[in-house]
Amino acid sequence: QPYIVYMGNVPEEAGISAVKEHHSLLTTAIGDEKLARESKIHSYGKSFNGFVARLLPHEAKRLSEEESVVSVFENTRRKLHTTRTWDFLGMSEKLQKRNSKAQSNIIVGLLDTGIWVESPSFNDKGFGPPPAKWKGKCVTGANFTRCNKKVIGARYYNLDNALDTNTDQKSPVDTDGHGTHTSSTAAGETVKGSSLYGIAQGTARGGVPSARIAMYKVCWSGGCADMDILAAFDDAIGDGVDLISISIGGPSRSYFDDSISIGSFHAMKKGILTACSAGNDGPYQGTVENVAPWIMTVAASSIDRKFVTAVKLGNGMRTSGISINTFSPRKAMYPLTNGARAANVTAEIYGNVSACDYGTLSMKKVKGKIVYCLGSGSQDYTIDHLQGAGTIMAVDAPTDIAIATLIAGTFVVPEVGIKIDQYINSTKNPQAVIYKTRVVNTSTAPFIASFSSRGPQKITLNILKPDIAAPGLDILAAYSELASVTGLPGDRRIVPFNILSGTSMACPHAAAAAAYVKSFHPDWSPAAIKSALMTTATPMKTKSDDAELASGSGQINPTKAVHPGLIYDLNLSSYTRFLCKEGYNSTAIGRLIGRKKKLNCSTIRPAQGLDGLNYPSMHFHLTNESSISAIFRRTVTNVGFAKSLYKATVHSPKGLSVTVSPRVLTFSRSHQTRSFTVLVKGSMQSGASILSALLEWSDTKHSVKSPILVYKQFPPLF
Numbered sequence: 033q034p035y036i037v038y039m040g041n042v043p044e045e046a047g048i049s050a051v052k053e054h055h056s057l058l059t060t061a062i063g064d065e066k067l068a069r070e071s072k073i074h075s076y077g078k079s080f081n082g083f084v085a086r087l088l089p090h091e092a093k094r095l096s097e098e099e100s101v102v103s104v105f106e107n108t109r110r111k112l113h114t115t116r117t118w119d120f121l122g123m124s125e126k127l128q129k130r131n132s133k134a135q136s137n138i139i140v141g142l143l144d145t146g147i148w149v150e151s152p153s154f155n156d157k158g159f160g161p162p163p164a165k166w167k168g169k170c171v172t173g174a175n176f177t178r179c180n181k182k183v184i185g186a187r188y189y190n191l192d193n194a195l196d197t198n199t200d201q202k203s204p205v206d207t208d209g210h211g212t213h214t215s216s217t218a219a220g221e222t223v224k225g226s227s228l229y230g231i232a233q234g235t236a237r238g239g240v241p242s243a244r245i246a247m248y249k250v251c252w253s254g255g256c257a258d259m260d261i262l263a264a265f266d267d268a269i270g271d272g273v274d275l276i277s278i279s280i281g282g283p284s285r286s287y288f289d290d291s292i293s294i295g296s297f298h299a300m301k302k303g304i305l306t307a308c309s310a311g312n313d314g315p316y317q318g319t320v321e322n323v324a325p326w327i328m329t330v331a332a333s334s335i336d337r338k339f340v341t342a343v344k345l346g347n348g349m350r351t352s353g354i355s356i357n358t359f360s361p362r363k364a365m366y367p368l369t370n371g372a373r374a375a376n377v378t379a380e381i382y383g384n385v386s387a388c389d390y391g392t393l394s395m396k397k398v399k400g401k402i403v404y405c406l407g408s409g410s411q412d413y414t415i416d417h418l419q420g421a422g423t424i425m426a427v428d429a430p431t432d433i434a435i436a437t438l439i440a441g442t443f444v445v446p447e448v449g450i451k452i453d454q455y456i457n458s459t460k461n462p463q464a465v466i467y468k469t470r471v472v473n474t475s476t477a478p479f480i481a482s483f484s485s486r487g488p489q490k491i492t493l494n495i496l497k498p499d500i501a502a503p504g505l506d507i508l509a510a511y512s513e514l515a516s517v518t519g520l521p522g523d524r525r526i527v528p529f530n531i532l533s534g535t536s537m538a539c540p541h542a543a544a545a546a547a548y549v550k551s552f553h554p555d556w557s558p559a560a561i562k563s564a565l566m567t568t569a570t571p572m573k574t575k576s577d578d579a580e581l582a583s584g585s586g587q588i589n590p591t592k593a594v595h596p597g598l599i600y601d602l603n604l605s606s607y608t609r610f611l612c613k614e615g616y617n618s619t620a621i622g623r624l625i626g627r628k629k630k631l632n633c634s635t636i637r638p639a640q641g642l643d644g645l646n647y648p649s650m651h652f653h654l655t656n657e658s659s660i661s662a663i664f665r666r667t668v669t670n671v672g673f674a675k676s677l678y679k680a681t682v683h684s685p686k687g688l689s690v691t692v693s694p695r696v697l698t699f700s701r702s703h704q705t706r707s708f709t710v711l712v713k714g715s716m717q718s719g720a721s722i723l724s725a726l727l728e729w730s731d732t733k734h735s736v737k738s739p740i741l742v743y744k745q746f747p748p749l750f
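In the numbering used here, the protein residues as written are 33 to 750.
None of these hints come from the bench; they were simulated from the model.
Below, simulated DMTMM-like cross-link-like pairs (lysine to aspartate or glutamate); rule was C-alpha separation at most 25 Å, straight line:
| no. | residue 1 | residue 2 |
| --- | --- | --- |
| 1 | Lys451 | Asp432 |
| 2 | Lys575 | Asp428 |
| 3 | Lys93 | Asp64 |
| 4 | Lys72 | Asp196 |
| 5 | Lys744 | Glu614 |
| 6 | Lys167 | Asp555 |
| 7 | Lys302 | Glu44 |
| 8 | Lys133 | Glu150 |
| 9 | Lys490 | Asp289 |
| 10 | Lys490 | Glu657 |
Predicted, not measured: the structure shown is a model, and the values here were computed from it.
Full structure from sequences and hints, please.
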């Protein structure tokens with residue numbers, strides 16, 4: 033099967049051919065030159081060194097023992113983390129246009145499902161030619177005949193030729209809708225009067241509407257292959273993108289057995305920040321993905337609206353659920369039934385009748401009726417298949433995510449479901465009507481979406497992930513006209529805009545915020561931009577029990593991030609010392625960073641403090657002990673007023689002592705650095721799992737915040 037052989041930096045020595053080196057290694061491992069040539073699928077060599085080949089396990093092991101090889105790992109398939117947003121984040125149209133000339137030189141690269149370039153969000157009216165630095169391509173193909181001055185590049189990757197001919201089209205075109213949605217969220221043009229059948233009506237626009245877009249299609253109906261992801265990174269870095277947004281993930285792996293971690297490391301070396309979605313496996317702890325410290329890992333938060341779908345019963349009872357129901361009722365009332373009453377008694381039933389499982393219901397008893405079902409599976413598809421009029425689904429617990437239904441439908445909480453079921457069983461002719469979804473403003477935002485993956489991470493326990501949160505709940509953005517609203521069979525609704533939820537939607541918000549900051553500070557490093565966003569973030573208005581394990585530093589505040597005052601910067605040397613501290617092989621690190629002389633971790637200055645990295649947040653993951661004692665060493669760079677004085681304030685809970693030394697930092701010029709230590713002491717009380725503190729540096733004009741989190745799991749997660 034396909035294995036990725038990663039070899040670090042591209043060789044700088046003249047005359048060395050990476051392709052020849054790859055073939056030589058394969059021939060040695062396989063023992064036959066012809067088989068070696070046939071086994072190779074692809075060579076990487078523009079931005080980093082490596083190749084993909086079909087190997088047997090013993091051949092992969094043999095290659096992993098070669099001195100020139102950093103890592104060998106199986107090619108796996110990863111999954112997608114699937115208007116008003118920018119106003120809620122404090123970025124009005126006027127503010128967004130403030131730096132439009134600099135924005136138009138910024139290129140946002142996205143690794144996703146492709147793009148529907150015909151969307152009004154990608155109109156190139158008023159755009160000049162692509163920036164001079166752009167070296168990318170526009171690859172045409174099925175249903176994709178052009179790029180434009182907005183979408184300046186598009187490529188697709190399918191190295192193992194594993195396509196579903198029914199759904200996949202061999203071109204950069206988006207047949208799923210996901211890539212179009214994320215692209216327009218990041219950098220879509222302003223489109224007035226956008227909505228989904230009148231729901232969430234307003235002006236849709238990306239975070240940096242004047243920026244350019246480059247799409248790298250790596251995801252198909254079967255998922256997103258590691259080998260394709262690395263090929264896209266290899267191209268994107270060389271093409272000249274300024275930021276990369278990836279709403280894709282998979283189980284956490286060692287940094288150099290992970291395609292996204294490898295690609296983003298080489299992007300960082302070229303000054304490119306990579307934003308990644310944190311995953312959709314919340315609210316469970318220990319589920320966060322894309323955790324490398326050079327990645328900006330993004331959780332999903334809410335904005336100040338929710339979608340409510342009202343229901344009225346024949347007895348006059350009015351209630352509501354949550355969904356995206358685009359259908360207006362054609363009658364005042366419809367017959368109402370439940371799974372038990374609509375059971376198919378003439379056939380042998382396999383499944384739960386009350387949950388309306390496929391094959392358990394009778395079309396005769398469902399046709400033209402609204403059906404009440406337990407659970408939140410694909411009941412709308414089942415009821416539509418049986419020609420039902422709609423469905424009311426009772427979820428196990430309250431939910432915050434509005435899902436589009438194939439027919440009139442809504443999701444209600446258990447206590448409401450019980451009342452509906454009681455009404456059905458209390459009368460001969462129960463009736464109900466489901467109304468079209470409406471938007472309701474809410475005062476509880478921002479809060480972290482229930483599905484958003486939580487920390488702690490599994491690779492480097494003392495680095496807090498996710499880093500930051502951005503809106504990912506019920507986001508309206510552009511959509512592909514080759515995909516239906518739900519993607520379900522029988523759905524004929526083709527729309528220019530759709531409402532989706534996921535950390536997939538949060539990631540391009542954060543990438544756009546980073547692009548906005550970069551438009552003001554083109555010389556800032558990826559770490560500096562990430563620091564600015566983290567230290568100026570807005571705290572969650574409604575805090576979950578997981579605290580910063582859910583939200584990281586808080587919700588992005590792009591306008592504040594332009595003027596952060598102080599930044600926590602990192603460079604290649606910082607990451608080299610960190611990797612040495614983490615126990616990575618000296619030779620492998622040397623190849624990774626492209627060092628000509630052999631690297632020896634024991635001879636370089638060791639990384640300082642508990643985490644060994646100048647990170648904007650601080651995290652101590654207790655394993656077996658309950659006693660807390662940790663030192664964090666940090667250095668900040670002054671990017672505010674040349675002459676300034678910052679004082680430290682600590683907000684800490686009972687049982688946790690946080691000492692900052694020194695407590696005052698004085699700067700006499702811009703870009704001057706000052707160092708300090710943070711000593712955290714205390715004890716974790718029996719039964720407690722999280723102690724959350726906050727360090728704030730202030731010069732009265734700037735507030736530079738860093739969360740300090742101490743965590744202990746009972747019992748340990750991993």
